[in-house]
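*Asks:* Each chain, letter by letter, is given below.
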Amino acid sequence: MDLEYGPEYDAFREELRSFLEKHGDRAPDGQGRAARPSSEAVEWQKLLIEHGYTARTIPKEYGGYGAQPDILQSRIIAEEFSRAGLPGGLSNQGISMLVPTLLELGSEEQKRRWIEPTLKGETVWCQGYSEPGAGSDLAALKTSAHVENGDFVINGQKIWTSTAKQSDMIFCLVRTEPDAPKHGGISYLIFSMDTPGIEVRPLKTMTGHAEFNETFFTDVRVPMDQIVGQRGQGWYVANATLGHERGMLGDPDALENRFQALVKLMQEERVGQGRAIDNPVLRDRLAALQAEVAAMKYNGMRILSDNLKGDPGGMAKLIVKLQSCELAHQISALAIDASGEMGILYHGSDREREGGAWQWNYMFQLGLIIGGGTAQIQKNIIAERGLDMPREPRLAKPAPAEQAAAVTARQKQGAA
Amino acid sequence: MDFGLSQDQQMLRDAVSRCLADNCPLDHVRECAEGEASFSDKVQSALNELGIAGMMVPEKHGGLGMTLLDAAVVAEQLGYAVAPVPFLSSHVLAPIALAQAGSEQQQSEWLPKIANGEARIGVAIAETIEARDGAGISAENGKLTGTALFALDFTGADAYLVADTAGRLHLVPADAAGLERRPLTTIDRTRSVGELRFEQVAVQPLADDGGAGAARLRDAGRVILAADSLGAGQAMIEKAVDYAGQREQFGRIIGSFQAVKHMCAEMAARHEPCRSLVWYAAHAFDAAPEEAALAACHAKSHTGEVYRFVARTSTEVHGGMGFTDLLGLHYWFKRIGFDRQVLGGPEAVRAEAAALQGWDRAA
Ligand SMILES: Cc1cc2nc3c(=O)[nH]c(=O)nc-3n(C[C@H](O)[C@H](O)[C@H](O)COP(=O)(O)OP(=O)(O)OC[C@H]3O[C@@H](n4cnc5c(N)ncnc54)[C@H](O)[C@@H]3O)c2cc1C
Numbered sequence: 000m001d002l003e004y005g006p007e008y009d010a011f012r013e014e015l016r017s018f019l020e021k022h023g024d025r026a027p028d029g030q031g032r033a034a035r036p037s038s039e040a041v042e043w044q045k046l047l048i049e050h051g052y053t054a055r056t057i058p059k060e061y062g063g064y065g066a067q068p069d070i071l072q073s074r075i076i077a078e079e080f081s082r083a084g085l086p087g088g089l090s091n092q093g094i095s096m097l098v099p100t101l102l103e104l105g106s107e108e109q110k111r112r113w114i115e116p117t118l119k120g121e122t123v124w125c126q127g128y129s130e131p132g133a134g135s136d137l138a139a140l141k142t143s144a145h146v147e148n149g150d151f152v153i154n155g156q157k158i159w160t161s162t163a164k165q166s167d168m169i170f171c172l173v174r175t176e177p178d179a180p181k182h183g184g185i186s187y188l189i190f191s192m193d194t195p196g197i198e199v200r201p202l203k204t205m206t207g208h209a210e211f212n213e214t215f216f217t218d219v220r221v222p223m224d225q226i227v228g229q230r231g232q233g234w235y236v237a238n239a240t241l242g243h244e245r246g247m248l249g250d251p252d253a254l255e256n257r258f259q260a261l262v263k264l265m266q267e268e269r270v271g272q273g274r275a276i277d278n279p280v281l282r283d284r285l286a287a288l289q290a291e292v293a294a295m296k297y298n299g300m301r302i303l304s305d306n307l308k309g310d311p312g313g314m315a316k317l318i319v320k321l322q323s324c325e326l327a328h329q330i331s332a333l334a335i336d337a338s339g340e341m342g343i344l345y346h347g348s349d350r351e352r353e354g355g356a357w358q359w360n361y362m363f364q365l366g367l368i369i370g371g372g373t374a375q376i377q378k379n380i381i382a383e384r385g386l387d388m389p390r391e392p393r394l395a396k397p398a399p400a401e402q403a404a405a406v407t408a409r410q411k412q413g414a415a
Numbered sequence: 000m001d002f003g004l005s006q007d008q009q010m011l012r013d014a015v016s017r018c019l020a021d022n023c024p025l026d027h028v029r030e031c032a033e034g035e036a037s038f039s040d041k042v043q044s045a046l047n048e049l050g051i052a053g054m055m056v057p058e059k060h061g062g063l064g065m066t067l068l069d070a071a072v073v074a075e076q077l078g079y080a081v082a083p084v085p086f087l088s089s090h091v092l093a094p095i096a097l098a099q100a101g102s103e104q105q106q107s108e109w110l111p112k113i114a115n116g117e118a119r120i121g122v123a124i125a126e127t128i129e130a131r132d133g134a135g136i137s138a139e140n141g142k143l144t145g146t147a148l149f150a151l152d153f154t155g156a157d158a159y160l161v162a163d164t165a166g167r168l169h170l171v172p173a174d175a176a177g178l179e180r181r182p183l184t185t186i187d188r189t190r191s192v193g194e195l196r197f198e199q200v201a202v203q204p205l206a207d208d209g210g211a212g213a214a215r216l217r218d219a220g221r222v223i224l225a226a227d228s229l230g231a232g233q234a235m236i237e238k239a240v241d242y243a244g245q246r247e248q249f250g251r252i253i254g255s256f257q258a259v260k261h262m263c264a265e266m267a268a269r270h271e272p273c274r275s276l277v278w279y280a281a282h283a284f285d286a287a288p289e290e291a292a293l294a295a296c297h298a299k300s301h302t303g304e305v306y307r308f309v310a311r312t313s314t315e316v317h318g319g320m321g322f323t324d325l326l327g328l329h330y331w332f333k334r335i336g337f338d339r340q341v342l343g344g345p346e347a348v349r350a351e352a353a354a355l356q357g358w359d360r361a362a
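Those protein sequence lines, which keep their order, are chains A and B.
Under numbering that gives the first Met the number 0, the residues of the first sequence are numbered 0 to 415, in order.
Under numbering that gives the first Met the number 0, the residues of the second sequence are numbered 0 to 362, in order.
Hints may contain errors.
[Unchecked claim] List of simulated lysine-lysine pairs, BS3-like, C-alpha gap at most 25 Å: (1) LYS378/A x LYS112/B; (2) LYS112/B x LYS59/B; (3) LYS181/A x LYS378/A; (4) LYS378/A x LYS260/B; (5) LYS45/A x LYS141/A; (6) LYS21/A x LYS141/A; (7) LYS260/B x LYS238/B; (8) LYS260/B x LYS203/A; (9) LYS203/A x LYS141/A.
[Stated by the list, open to error] Anything over 10 Å on all C-beta distances counts as not near chain A; from chain B, calculated: (10) HIS60; (11) ARG269; (12) ALA352.
[Said to hold, decoys possible] Now the in silico label distances, taken between C-beta atoms and shown as ranges: (13) ALA258/B x VAL146/A: 35 to 45 Å; (14) ALA287/A x ALA361/B: 24 to 34 Å; (15) GLU353/A x ASP174/B: 50 to 60 Å.
Hints are computed from structural coordinates only; laboratory data are not their basis.
Beta carbons are placed, not taken as given, at the ideal position from N, Cα and C, and that holds for glycine.
Between the sequences and the hints, there should be enough to build the whole structure, so can you do that?
*Replies:* Here is the structure:
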């Protein structure tokens, strides 16, 4: 264990601080819930890329900054943005999921075409995986694509497509080889949401907003070169992406920020003559959550270190989605409890705390406990992959060849 | 000994349950919750036909003179159906307060009208538990000044019962000069709450009982909120079990996965004792007054925790479907969220329970 930041890092930190001091006023007011970044946010993102404070390790030729991975620099960046109370680089499905997938498995042309505008926040992506009959059992998906005159022709339906309404592009799983076994018949396609034949219907959720959609495809024609990886290999391409999604959902810096907001709320929330944080019971819960947030933060640092050494991260990585989503939900739960009756105000009510953000988060984070692989599925994965426990009886098993491919994909994913 | 509902209470439960099944389907709840009016006249008048409006009004004032356990039986059904009707304040707390400490004149003016469904009274006692945003009401020379938050059954009330900082209750007509009313919107669109701002408003005080009346209202209110969650939780468990029995993934009914079964079983295991706890607390309110406050604290704080768990777990069993508006599951989720925070969240209520027993003082 060596956590000393040497002198060269002090210089890096100083440089970053003066950057933030100089340019901080150009930062957008939080990233909020907007599916598309505002023009302010896009400008901020470009500035951060230019200085290497986001997209830091993505090669220059694809629109990144092109630095060598350096865990301490990444930590310093996260620390300083959080300390300054300024938003760091954008995080969305395109940046967190598609970009790493293309870097790993995309063709040279795909990398050059899509990574840069995605990083800059100009191209927004949605993820077309789940279907009404294929959620936890994603490989059961039925949306089909047959080949006609050099195009894939797509028919079927996706559901729970987050931000489909606001997206330019979709990365989508379709069945191209109907006769192949379940996991081996899927391909990973990328195409424009403006392609004729796509219909998006917003789905209202429990938060009262429409965070996601149903997406229908009728004879949607997509050129055959818009496939990532080989035909029939989409399941493994997607698995790499799911790993990145779970990383995004478990972001320890996001937890840390939310926790800091909770501390502030509890210091400001008046109860009688005192403050919510004066209540020893609530304060104890706060301190307990802080320890958990710290554990997840250091867990994240450990994973980063392991990855840099070429070690996939093992158990430390497998538990991230389960633990972080639960923790985020619990942080919101305490915020509601600390606000007493005021904690249930919503829909823009008078006296609402922070624009209803805590209730929205409490509900949305429950959604995230379900989305991207439910808590129960995460536990199955931890038990079966992490602890090598026997699989549940009578579960549909991939064919042996697919299993071998899955292992390779997993190893690759770990190395990412 | 017979720990359970009487035959009359079972009949009451069944009658209310049938009435709500007929008059308050989810589509209707949705209509009300998404509209401006929020409360349903249709469901209210159907319930009035069963005498629900006057169930807690003494017989000599035209009501049925029933007990809090009867009211809890009704509240459970209202929670089960997420019924968008005023009940807690208008038909339970207000009649209890007036019967207990109202003057002859207040009683004969209001109780018969409550009983026949003509009048509704909102109750504002939140500040006797915890004052937020510096709220609180001072009473001087028969006039009130200050703010009362979270007046219950707020919209359309004809009058309000308001507690001052000493815990004394005052009756004030909704149109009194100097009273400003502002709605508050919560996650739960099947309920109505609001804020009352007083500027030297002339009011009629109820008898000065040193805050005992307001304390009784807290007890009764907590039991009714607990009963409401009991019903809402029952519905969420049934829905989860039902869904788990139909939805297939991996070529199997998801209910056959042990993980899903255990979620459902744990909900049931934590839910079932709550029924007894709520019944006991409701019974104690009338039959064992010396235990009533503690039992109400137990019922309120424990159901607050259990149904928060049930609400999220039932949603999880439904997967993405549970998170959408499609099945309307969130109406129950939010009803439970409301019940938990109103009249004291679990921590506040447990602190009271400890204080009631002298645990907060050195021996
Ligand atoms: C907020 C949110 C955003 C989302 N965004 C997207 C998106 O952008 N794109 C996209 O494609 N999808 C998205 N999803 C979909 C998400 O990935 C699925 O909801 C999720 O995988 C669960 O599938 P399901 O909803 O069909 O639930 P089901 O799979 O039907 O699960 C129902 C219940 O059964 C349990 N279960 C199922 N199988 C097993 C098993 N083998 N063992 C134990 N328990 C089991 C589950 O844990 C759950 O409790 C999103 C979902 C949410 C909630």
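*Asks:* List, from low to high, the hint numbers that the structure doesn't satisfy.
*Replies:* Violated hints: 1, 5, 6, 8 and 15; rest satisfied.
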